[in-house]
Amino acid sequence: MRKIMRVFAAVIVFSLLAAGASADEEKWAGVDEVVVKKIAREANRPGAEPLIPLEGDAALFAFLIAGATGGFVGGYYYRELFSRKRKE
Amino acid sequence: MNRRTILKAAVFPVPAIILSAGPVHAMHISEGILPLPWAALWFAVALPFVAWGLRDLRRFDREVPFAKPLIGLVGAAVFIISCMPVPVPTAGTCSHPCGTGLAAVFIGPALTVLVSSVALVLQALFLAHGGLSTLGADIVSMGVAGAFSGYGIYRLAGRIGVPWYAALFLAGLVSDWATYAVTSFQLASALAAPGSTGQMFGAVAIAFMPTQIPLGVFEGFLCVGAYRFVKARRPEVLMALGGGAV
Chain C
1 MRKIMRVFAA VIVFSLLAAG ASADEEKWAG VDEVVVKKIA REANRPGAEP
51 LIPLEGDAAL FAFLIAGATG GFVGGYYYRE LFSRKRKE
Chain A
89 MNRRTILKAA VFPVPAIILS AGPVHAMHIS EGILPLPWAA LWFAVALPFV
139 AWGLRDLRRF DREVPFAKPL IGLVGAAVFI ISCMPVPVPT AGTCSHPCGT
189 GLAAVFIGPA LTVLVSSVAL VLQALFLAHG GLSTLGADIV SMGVAGAFSG
239 YGIYRLAGRI GVPWYAALFL AGLVSDWATY AVTSFQLASA LAAPGSTGQM
289 FGAVAIAFMP TQIPLGVFEG FLCVGAYRFV KARRPEVLMA LGGGAV
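From first to last, the protein sequence lines stand for chains C and A. No gaps in the numbering here: position 76 of the first sequence is 76 in our numbering, and each next residue is one more. With the second sequence counted from 1, adding 88 to any position gets you our numbering.
Mixed in with the good hints, there may be bad ones.
[Said to hold, decoys possible] A few chain A residues that don't get close to chain C, going by computed Cβ distances all over 10 Å: (1) Gly-120; (2) Leu-129; (3) Val-133; (4) Arg-147; (5) Glu-151; (6) Ala-165; (7) Ala-269; (8) Met-327.
[What the hints assert, rightly or not] Rough simulated footprint, nothing fancy, chain C against chain A, three-plus residues with beta-carbon under 8 Å: (9) 174 to 187; (10) 234 to 242; (11) 289 to 300; (12) 312 to 326.
Calculated from the structure, these hints are not laboratory results. As the structure is a computational prediction, the values presented were derived from the model and not from experiment. Positions of the beta carbon are idealized from the N, C-alpha and C atoms, including for glycine.
Using the sequences provided together with the hints, build the complete structure.
Set out below in structure tokens:
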């Protein structure tokens, strides 16, 4: 099992490095761009603006805040569930 | 709270920040893509499941001793996982896992629909990920299909004597694939020209495959890893949940 997890971790690290290396080439589009929106455009349903449109780095900022908030909430409940037990 | 606990709480979000720090594009159907009658139909399909989840929340809270932290942790995990873009080298594209198979194993499918709905509302409101008009469709594909298919295969595998790790792997794999299959159906049924729904469903599903086949496998391993962690660290959580199916 440990071996599998190591291979799995190596695959993730490789994927992230590969993504970083290819960032300049405009690769790694999301499947919603290459599948969902493409199909929608072909069907004349290009979609509408979201309620809060996120342009440029505002999207990065929003996702960063979301990741941090989700991480802190998860960390808080992780502590409740796992760390408190060790103290008891 | 000692220093080590504070350090752990501070370090926990780091992978989440690194992985989710970028606009994510995947199964969530964006704002305005579905025509209004279809959007309304998917809301009608989703609402009973959300109501079921709300009812299940009270029962779960009554019966399971650590319901609140468990639901909180699982909810945060679903939120992060479902906006975590994972690059898939074989396809050259990015997509996200859903986390609903994993969530369904721990808190049940109805509660998973509920936490998925909360995650999807937040993503639609603040991250331009998905949309408010397409919320019903996204709840049905990620919440309902993902949770019930993952949970169903997990229980079935347990009953026929499949080892726990294989059952968990299947839960993650099937929930991911079911989510994207339902998204394909939602798009095809709403956008295809009359008489070509089946053809469009096939085309959309095939287009998802290069990314989602490896990601489904990823989600399977994610399920096994998380379950194994809980099993080793706090097995009484699994006992309180009925000992798990396997």
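Hint by hint, here is what the structure shows:
At roughly 3 Å from the closest C-beta of chain C, the C-beta of Gly-120(A) falls inside 10 Å, breaking its exclusion from the interface. Residue placement check: Leu-129(A) keeps its beta carbon more than 10 Å from all beta carbons of chain C (closest about 15 Å). With a minimum CB-CB distance of about 19 Å to chain C, Val-133(A) clears the 10 Å threshold, and the non-interface call stands. For Arg-147(A), the non-interface assignment is confirmed: its Cβ lies about 20 Å from the closest Cβ of chain C, beyond the 10 Å cut-off.
For Glu-151(A), the non-interface assignment is confirmed: its Cβ lies about 17 Å from the closest Cβ of chain C, beyond the 10 Å cut-off. Against chain C, the non-interface label of Ala-165(A) is violated: not every CB pair exceeds 10 Å, the least being about 6 Å. Ala-269(A), annotated as away from the interface, keeps every beta carbon of chain C farther than 10 Å; the closest lies near 13 Å. Non-interface call for Met-327(A) relative to chain C: holds, since the shortest CB-CB distance, roughly 13 Å, exceeds 10 Å.
Coverage of the stretch 174 to 187 of chain A by chain C holds. Counting CB-CB distances below 8 Å, 8 residues qualify, and the rule asks for three or more. For the stretch 234 to 242 of chain A, the stated coverage by chain C is violated: 0 residues have a C-beta nearer than 8 Å to a C-beta of that chain, whereas at least 3 were required. Chain C is given as covering the stretch 289 to 300 of chain A, and this holds because 6 residues of the stretch bring a CB closer than 8 Å to a CB of that chain, at least three being needed. Here's how the stretch 312 to 326 of chain A fares: 5 of its residues keep a CB closer than 8 Å to some CB of chain C, so the rule of at least three is met and the hint holds.
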